[in-house]
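Construct the complete structure from the given sequences, taking the supplied hints into account.
Just so you know, the sequences run in chain order A and B.
Under the numbering used here, think of the first position of the first sequence as 14, with each following residue one higher.
Under the numbering used here, think of the first position of the second sequence as 14, with each following residue one higher.
It should be emphasised that the hints constitute simulated quantities derived from the structure, not laboratory data.
Fair warning: there could be bad hints in the mix.
The list treats identical chains as one, so a pair stands whether inside a single copy or across any two.
[To be verified] Heads up, simulated SDA-like pairs for lysine to any residue below, C-alpha to C-alpha not over 25 Å straight-line:
#: 1; residue 1: Lys82; residue 2: Ser28
#: 2; residue 1: Lys174; residue 2: Asn246
#: 3; residue 1: Lys241; residue 2: Glu320
#: 4; residue 1: Lys215; residue 2: Gly245
#: 5; residue 1: Lys332; residue 2: Gly228
#: 6; residue 1: Lys82; residue 2: Glu223
#: 7; residue 1: Lys295; residue 2: Asn246
#: 8; residue 1: Lys332; residue 2: Gly255
#: 9; residue 1: Lys215; residue 2: Asp200
#: 10; residue 1: Lys241; residue 2: Leu224
#: 11; residue 1: Lys265; residue 2: Arg238
#: 12; residue 1: Lys82; residue 2: Ala213
#: 13; residue 1: Lys98; residue 2: Glu320
#: 14; residue 1: Lys300; residue 2: Asp272
#: 15; residue 1: Lys215; residue 2: Asp195
Read off the chains here:
Protein chains: 2
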Amino acid sequence: MAASSLDSHGLSQPSYSLRRINRPFTTEYRIYFEQQENTTKNDTDSPIVKNSVPISPFHDIPLYHDMEKGILNMVVEIPRWSQAKFEISRSKSLNPIIQDQLDGELRFVKNCFPYKGYIWNYGALPQTWEDPSHFMHDPAGSTGRTRGDNDPLDAIEISPKSIIPTGSVKTVKPLGILCLVDSGETDWKVVVIDVHNPLAEKLDDIDDVELHFPGLLDATRDWFRWYKVPDGNEPNEFAFGGRFLDANYANKIIKECSDAWERLVSGRAEKGDVSIENTTLKDTPGKLDPDEIDLPPGEDLSPAPIEPEVFDGWVFLDKDSSQLGYSRGSLLGQPASLCINLDVEK
Amino acid sequence: MAASSLDSHGLSQPSYSLRRINRPFTTEYRIYFEQQENTTKNDTDSPIVKNSVPISPFHDIPLYHDMEKGILNMVVEIPRWSQAKFEISRSKSLNPIIQDQLDGELRFVKNCFPYKGYIWNYGALPQTWEDPSHFMHDPAGSTGRTRGDNDPLDAIEISPKSIIPTGSVKTVKPLGILCLVDSGETDWKVVVIDVHNPLAEKLDDIDDVELHFPGLLDATRDWFRWYKVPDGNEPNEFAFGGRFLDANYANKIIKECSDAWERLVSGRAEKGDVSIENTTLKDTPGKLDPDEIDLPPGEDLSPAPIEPEVFDGWVFLDKDSSQLGYSRGSLLGQPASLCINLDVEK
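Rendered as structure tokens:
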């Protein structure tokens, strides 16, 4: 159990810190997670001695922050309005946050009009796994034969006032879920809100989101449908007719992915390229001795320079066109300006 | 005529510079414009001697950059995705750019979901004036009895790749126009594009905008309808049923506002609180001797600190509600979070 203290909501807050290595916006950038172990000495005049233990944000941060209240932990990867596709690495030891690559290039999501970057704080639920060998629970049958995408469950945190930095661990409650189907893989997106947001107490289910944040759900579906098109992909599709499912359904999916993660980390599931190394889960095959982990010292380097047009540009998409059969090759690798109107490319 | 040089488009480019006084994000912040007068000495080894003359961006920058080609100058006040409401002061001598105030507070436009700040580069066309004593040209009669808003014509510059800094003077071509009616005042918004944008040659009229930037016009109308609602205003309305009128119509309005400005600056129109002081327009009542203008020295100060929630927050609006009769008082002065759902306030 992490060292913790009670916050104003009576929730115990584990204390995590980050160790950044190399420059942001490079392929070598890593954000490792560490957990503080506070050792208070009896002599109250002495400072608290903190001991940092490296952990995996995928495996060592508990999914349930307060299981009785249904409150979860979320690891934020991408702050609202930003574009760099930071994500928990599933294959590197201790699963640091890295910047995703596409065809060897660092991945920055385009600003697909009318959206500026990601429109929520985006991240993952720790200790969950979308098992690629597992066909998802689907009473309606509408996910067809899609399977898990081999990553932790994705979550979108919708607090409208907070931009949450990469690597933050937030206590959130689930409100609903959307079933994105991306290249034949099930890619659930859990809608959550930080319980410390003053509005959180008014939000308990997906209908409350539409009531208090009108337009957000439609925009979210629209965002996910189109965001990979500038990279040359077809628009994404959705199961359940694109409907957002309710909090109850979200909790069922979370439970399934929690169970899948338990099979993964205990060695009962085929792990493939997933690193299951961790430092806190006793009797698991991936358990490491923290004293034998030798991470480089943390740095706080300025980001590498990036072409201004990566950040400054809009991409316009012809969303109403019935002729979206443009070829991947015709768009791939071309500057964003060429995607402004897809008709121009055909 | 300004000192100028030919750019790659064969357009002569006057050389303007800015003199910033006081800290940005304070009520004392001023951006004055100066025009460079280059004096090249015969001795080519000598540096070019530059002499800066203070000018008014309202009166001293020519409207037409190339009248034959229909190319205009635009003074950019607000860069895309930013929120501070910078504008040419109509009443201060030499019309510096200042930050607008609302009820004594510096004005920052809210991020009305799904938009982040202004969605284009926003500014004004110099040497134009929406005469408040003048009822606008309107063959359809649909602007009713609205009159000019006493400011230069507003323009939105739609280059999707460029964020243009406050105070920039750009050469643009008009593509169309929208007739916003704001509190009973006609407030035209001219749609323009920087002629140096590679796409500009494909854009000649308003239909080209919809073709190449699908969704932009609808979003623009939506943006203008709602952007003042978080400050306690009713949604804005539009003449002509909210239709964007074509480039031909835009040019007619521009010509009318150019004529109105000529009446203003020549003393033939009642100027009210508008400062018509200038330094380059001979035989006008507001002509100043540049040598007698004593501007403080320019500074380059960091912006004053602003509450993070000004920049970090979304405001959600209940756009579909048929019951928008909320009172100004119920919203005015309340933090943005309370505007998230207007139903909550009623």
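Which constraints among the numbered hints does this structure fail? Numbers only, ascending.
Checked against the structure, the hints that fail are numbers 7, 9, 15, while the rest are satisfied.
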